[in-house]
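> Each chain is listed here by its residues.
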Amino acid sequence: AQKVTQAQTEISVVEKEDVTLDCVYETRDTTYYLFWYKQPPSGELVFLIRRNSFDEQNEISGRYSWNFQKSTSSFNFTITASQVVDSAVYFCALSLYDKVIFGPGTSLSVIP
Amino acid sequence: DGGITQSPKYLFRKEGQNVTLSCEQNLNHDAMYWYRQDPGQGLRLIYYSQIVNDFQKGDIAEGYSVSREKKESFPLTVTSAQKNPTAFYLCASSIVAGVTYNEQFFGPGTRLTVL
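Just so you know, the protein sequences line up as chains U and L, in that order. Just so we're aligned, residue 45 is where the first sequence starts under my numbering, counting upward by one. Just so we're aligned, residue 4 is where the second sequence starts under my numbering, counting upward by one.
Mixed in with the good hints there might be a few duds.
[As the list claims (entries may be wrong)] Among the chain U residues that face chain L by a calculated CB cut under 7 Å, a handful are: (1) G87; (2) L89; (3) F146; (4) G147.
[To be verified] Computed Cβ-Cβ distance ranges for the label pairs, DEER-style: (5) L:S83 <-> U:Q101: 46 to 52 Å; (6) U:P85 <-> L:G6: 14 to 20 Å; (7) L:N56 <-> U:L140: 21 to 27 Å; (8) L:I98 <-> U:A51: 31 to 37 Å.
[Claimed, not checked] Calculated cross-link-like contacts (lysine-lysine; reagent style BS3-like; alpha-carbon spacing at most 30 Å): (9) U:K82 <-> L:K12; (10) L:K73 <-> U:K143; (11) U:K143 <-> U:K114; (12) U:K143 <-> L:K86; (13) L:K12 <-> L:K73; (14) U:K82 <-> U:K47; (15) U:K47 <-> L:K86; (16) L:K12 <-> L:K74; (17) U:K143 <-> L:K12; (18) L:K60 <-> U:K82.
Honestly, the hints are just simulated from the structure, not real lab data. Fair warning: this is a prediction, and the values are worked out from it, not measured in the lab. In this text, a Cβ means the ideal position worked out from N, Cα and C, and glycines have one as well.
The shape of chain U in the complex, shown without the other chains:
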């Protein structure tokens, strides 16, 4: 089966707290890419990061960081010192040779 699970439907944090969004995927393919997209209230999904299946190196971009672990089929996303502008729905996606599978999304609310 090919599937992306984001178990956290909604998360609320107070501004400046750190928050981790979980993503677990299933595939038997050995070559694939994982993505994170952000959907702000305006509706348009915005690309955040891609990671290929052969590169387990973690990545940091400003307050954002991603942890990819093939052993647990997870690609988790951490926001450090969250801000109100981080409030959005975040989607994890699995890209295979013939399709892209999106997770159900996690709605993050950052409270001032």
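Position chain L against the provided structure of chain U, taking the given hints into account.
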């Protein structure tokens, strides 16, 4: 500025009517996609097109139709056969289809409500 435009932003339809959602891109991308977004279900693929005059059904194509007469345009028609069309519709494009590392670029979406 390059990007994807969708119109209208909000659309209301009476039961039994067909409606067409517009999607235009000026990114010179070959591949275009239509997704449907329902609360708690993520994005589900309706149709995609890899090249002009060619398109394929996605996971939930029943009750929808598309055309791809120009590279820049990929309109979606929601027909009366679609039993539950109320949803948020997103159009996307990527440089080419079938390349796993290409990210997709999304439009702002059209929210369709059936009255």
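> Is K47 (chain U) within 30 Å of K86 (chain L), Cα to Cα?
holds (26 Å)
> Next pair to validate is K82 (chain U) with K12 (chain L); report whether the Cα-Cα distance is within 30 Å.
Holds, at about 19 Å.
> For the hint on L89 (chain U), just tell me whether its beta-carbon gets within less than 7 Å of chain L.
holds (4 Å)
> Quick check on a hinted range of 14 to 20 Å for P85 (chain U) and G6 (chain L), using CB atoms only.
holds (18 Å)
> Is K60 (chain L) close enough to K82 (chain U), meaning Cα to Cα at most 30 Å?
With Cα atoms ~26 Å apart, K60 (chain L) and K82 (chain U) stay inside 30 Å; holds.
> Under the criterion that the straight-line Cα-Cα distance not exceed 30 Å, is the pair K12 (chain L), K74 (chain L) satisfied?
Given pair K12 (chain L), K74 (chain L) holds - Cα atoms ~22 Å apart, limit 30 Å.
> I want to verify a distance hint. Is the separation of the beta carbons of N56 (chain L) and L140 (chain U) within 21 to 27 Å?
Once the Cβ atoms are compared, 25 Å apart, the range 21 to 27 Å for L140 (chain U) and N56 (chain L) holds.
> Are K143 (chain U) and K114 (chain U) close enough, with their CA atoms no more than 30 Å apart?
Status holds; Cα separation ~20 Å.
> Mind checking the alpha carbons of K12 (chain L) and K73 (chain L) for me, to see if they're no more than 30 Å apart?
holds (22 Å)
> Was the hint right that G87 (chain U) lines chain L, CB cutoff 7 Å?
holds (4 Å)
> Assuming the hint says 31 to 37 Å, is it satisfied by the Cβ distance from I98 (chain L) to A51 (chain U) or not?
The hinted range 31 to 37 Å holds for I98 (chain L) and A51 (chain U), with Cβ atoms some 32 Å apart.
> Would you mind confirming whether the straight-line C-alpha gap from K73 (chain L) to K143 (chain U) stays at or under 30 Å?
Cα-Cα ~23 Å, so holds.
Hint violations for this structure: none, all hints satisfied.
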